[in-house]
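Single-letter residue listing:
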Amino acid sequence: MRILDANRLLLVDDEADFRAALKRRLEKRGFAVLEAGDGNQCRWIFEGRADEDPVDVVILDVKMPGESGIEVLGWLKANHPRIEVILLTGHASTADGVEGIKKGAFDYLTKPVEFQHLVQKVNQAIEKHNNLKFKEKIEKQMASAQRLASLGTLSAGIAHEIDNPLATMKEAAAYLRLLLDKSSPLDMPRKKDFENAVGKIETAIERARRITHQLLGFVKKKEGTKVRTDLKEIVAETAVFAEKEARNRGIRIVQATEGAEGVIWSDPYEIRQVLLNLLTNAIHAVGRDGVITLSLKDAGPSVELSVEDTGEGIPEENIKTILEPFFTTKSPDMGTGLGLYVTAGIIDRLCGKMDIFSQVGKGSCFRITLPRKRKAVCDSLEP
Amino acid sequence: MTNAPVRVLIVDDEKDFVEMFSLRLQETGETVYTAGSGRECLDVLGEENIDVVVLDVKMPGMDGLETLKEIKKRNPLVEVILLTGHGTIETAVLGMKLGAYDYLLKPAEPIEISKKLKDARRRKQEQEARIREAEQKTLPSGSFAL
Numbered sequence: 001m002r003i004l005d006a007n008r009l010l011l012v013d014d015e016a017d018f019r020a021a022l023k024r025r026l027e028k029r030g031f032a033v034l035e036a037g038d039g040n041q042c043r044w045i046f047e048g049r050a051d052e053d054p055v056d057v058v059i060l061d062v063k064m065p066g067e068s069g070i071e072v073l074g075w076l077k078a079n080h081p082r083i084e085v086i087l088l089t090g091h092a093s094t095a096d097g098v099e100g101i102k103k104g105a106f107d108y109l110t111k112p113v114e115f116q117h118l119v120q121k122v123n124q125a126i127e128k129h130n131n132l133k134f135k136e137k138i139e140k141q142m143a144s145a146q147r148l149a150s151l152g153t154l155s156a157g158i159a160h161e162i163d164n165p166l167a168t169m170k171e172a173a174a175y176l177r178l179l180l181d182k183s184s185p186l187d188m189p190r191k192k193d194f195e196n197a198v199g200k201i202e203t204a205i206e207r208a209r210r211i212t213h214q215l216l217g218f219v220k221k222k223e224g225t226k227v228r229t230d231l232k233e234i235v236a237e238t239a240v241f242a243e244k245e246a247r248n249r250g251i252r253i254v255q256a257t258e259g260a261e262g263v264i265w266s267d268p269y270e271i272r273q274v275l276l277n278l279l280t281n282a283i284h285a286v287g288r289d290g291v292i293t294l295s296l297k298d299a300g301p302s303v304e305l306s307v308e309d310t311g312e313g314i315p316e317e318n319i320k321t322i323l324e325p326f327f328t329t330k331s332p333d334m335g336t337g338l339g340l341y342v343t344a345g346i347i348d349r350l351c352g353k354m355d356i357f358s359q360v361g362k363g364s365c366f367r368i369t370l371p372r373k374r375k376a377v378c379d380s381l382e383p
Numbered sequence: 384m385t386n387a388p389v390r391v392l393i394v395d396d397e398k399d400f401v402e403m404f405s406l407r408l409q410e411t412g413e414t415v416y417t418a419g420s421g422r423e424c425l426d427v428l429g430e431e432n433i434d435v436v437v438l439d440v441k442m443p444g445m446d447g448l449e450t451l452k453e454i455k456k457r458n459p460l461v462e463v464i465l466l467t468g469h470g471t472i473e474t475a476v477l478g479m480k481l482g483a484y485d486y487l488l489k490p491a492e493p494i495e496i497s498k499k500l501k502d503a504r505r506r507k508q509e510q511e512a513r514i515r516e517a518e519q520k521t522l523p524s525g526s527f528a529l
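Line by line, the protein sequences are chains A and B.
Numbered according to the working numbering, the first sequence terminates at residue 383, and the numbering increases by one at each position without gaps.
Numbered according to the working numbering, the second sequence terminates at residue 529, and the numbering increases by one at each position without gaps.
Just so you know, these hints were derived from the structure itself, not from any lab.
Positions of the beta carbon are idealized from the N, C-alpha and C atoms, including for glycine.
It is possible that part of the hints are untrue.
With a straight-line cut-off of 25 Å between C-alpha atoms, the simulated DSS-like cross-links for lysine-lysine are [stated by the list, open to error]:
#1 A:Lys232 - A:Lys244
#2 A:Lys182 - B:Lys455
#3 A:Lys121 - A:Lys23
#4 B:Lys452 - B:Lys398
#5 A:Lys121 - A:Lys102
#6 A:Lys182 - B:Lys480
#7 A:Lys182 - B:Lys456
#8 A:Lys226 - B:Lys480
#9 A:Lys226 - A:Lys373
Below, a sample of chain A positions facing chain B; criterion: calculated Cβ distance under 7 Å [stated by the list, open to error]:
#10 Ser68
#11 Glu71
#12 Gly74
#13 His160
#14 Asn164
#15 Leu166
#16 Lys170
#17 Glu171
#18 Ala172
#19 Ala174
#20 Tyr175
#21 Leu178
#22 Arg209
Isolated chain A (complex conformation) (with noise of 0.2 Å):
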């Protein structure tokens, strides 16, 4: 959805000529409009468009048989709060002026109406419009970006918390070891039976501390610094993490990384975060029942990351707008992520490149190349 685009206009209004000709002369101003004879046809408008608002502004009659511009305000500002409402009254009627303001309503205009006047007004109310939801998505997008963060720096806070008692138990399972060993089973009957519980002690441990240090690789430490990344291992970690979601969605997460060198100087928190958020989209992608695969070929100076599903893949017209600041086509509070566009920033900061290959229907490919050497600057003729 692009913000800038959005100048679209409802008119509502119990005269039919009266609409029709200024309808005929906004759009000749390059507004989209619609129109709606009264209270219900204007609601029909927005029958089942519960996410996005059909259009920006209204420009709402007060003076209509049945029901009254006021109440339909008062229904839009209760149902679509976002919308602004520029109310036509009556040249005799201020007070109805007034109350819609205070009702919520942006402005109202006296009829007979000034076109110019109202053109004035709707550009004013747009400006407002584009305003506060360009700010309620970058409340989005920071509130999102916080949640991370902490959930970073809380997931780093508890592996670290972790770390002592599991130091403790692996002690304590060490100890218990050394005493079942220099025992007999003379003196300790059921010799056997510890010995089992404590090597299930021991192996929940190890699984434990895995887990924990799975975590910590997911959270950045310093900034840019370029160290030895191995990316069949991220490949396979990044699979690992991803497994029991997928599994459970009857997806299935293939690794082809043979034959390609897959060691390269980069940031290895970077490199996880980008496909975590590739596989994770690639997981929504497919829905239920596919296969995702995970890749690495060799590319001269290059390397090639690749995430390829089998899902409903990107319309053409789609591709360029998925890489866009704001878009996202989850609701806000899945909180997946930050998206693509900052998936391509993070990619680009690496020195590296995207490429995005799609067909509807049959599946979407993520290329992600990234330079096998330490780059001071990234060239721009370099892939």
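Given the structure of chain A, go ahead and fit chain B onto it with the hints provided.
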């Protein structure tokens, strides 16, 4: 000489960890002392003959690095192994630059800990042997040896 018990001082504010670690090491034949803080550690070092200190990096009060610096000031030959969690690895590496023998990430494999203890103790013994040799060379033939 390498199979003699290692005289270990465990320094960590986590009481349960210290207890289990101490019991396990004693069960494998080492001689174990414990301390719950940096201050206590220095007190014990002043009284006992310690080979290796196993020191937790993150402690309230006098933290690991401060304690390490004091140990190296007072007993430079005592080897120190740092115990660290994931968030304090950089501190541990800094500690190595300040003279710690090595570091271990919690939770560490008990076998690995024991191996590092023995290796650290060996380094101490080798240094002490070199010192004895050097001392003997400075003695004039005959007396003055105390």
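Results for each hint:
no., hint, in the structure
1, A:Lys232 - A:Lys244, "holds, 20 Å"
2, A:Lys182 - B:Lys455, "violated, 38 Å"
3, A:Lys121 - A:Lys23, "holds, 15 Å"
4, B:Lys452 - B:Lys398, "holds, 23 Å"
5, A:Lys121 - A:Lys102, "holds, 17 Å"
6, A:Lys182 - B:Lys480, "violated, 40 Å"
7, A:Lys182 - B:Lys456, "violated, 41 Å"
8, A:Lys226 - B:Lys480, "holds, 22 Å"
9, A:Lys226 - A:Lys373, "holds, 9 Å"
10, Ser68, "violated, 64 Å"
11, Glu71, "violated, 60 Å"
12, Gly74, "violated, 55 Å"
13, His160, "holds, 4 Å"
14, Asn164, "holds, 5 Å"
15, Leu166, "holds, 4 Å"
16, Lys170, "holds, 4 Å"
17, Glu171, "holds, 4 Å"
18, Ala172, "holds, 4 Å"
19, Ala174, "holds, 4 Å"
20, Tyr175, "holds, 4 Å"
21, Leu178, "holds, 4 Å"
22, Arg209, "holds, 6 Å"
Taken one by one, the earlier hints fail for this structure at numbers 2, 6, 7, 10, 11, 12, listed in ascending order.
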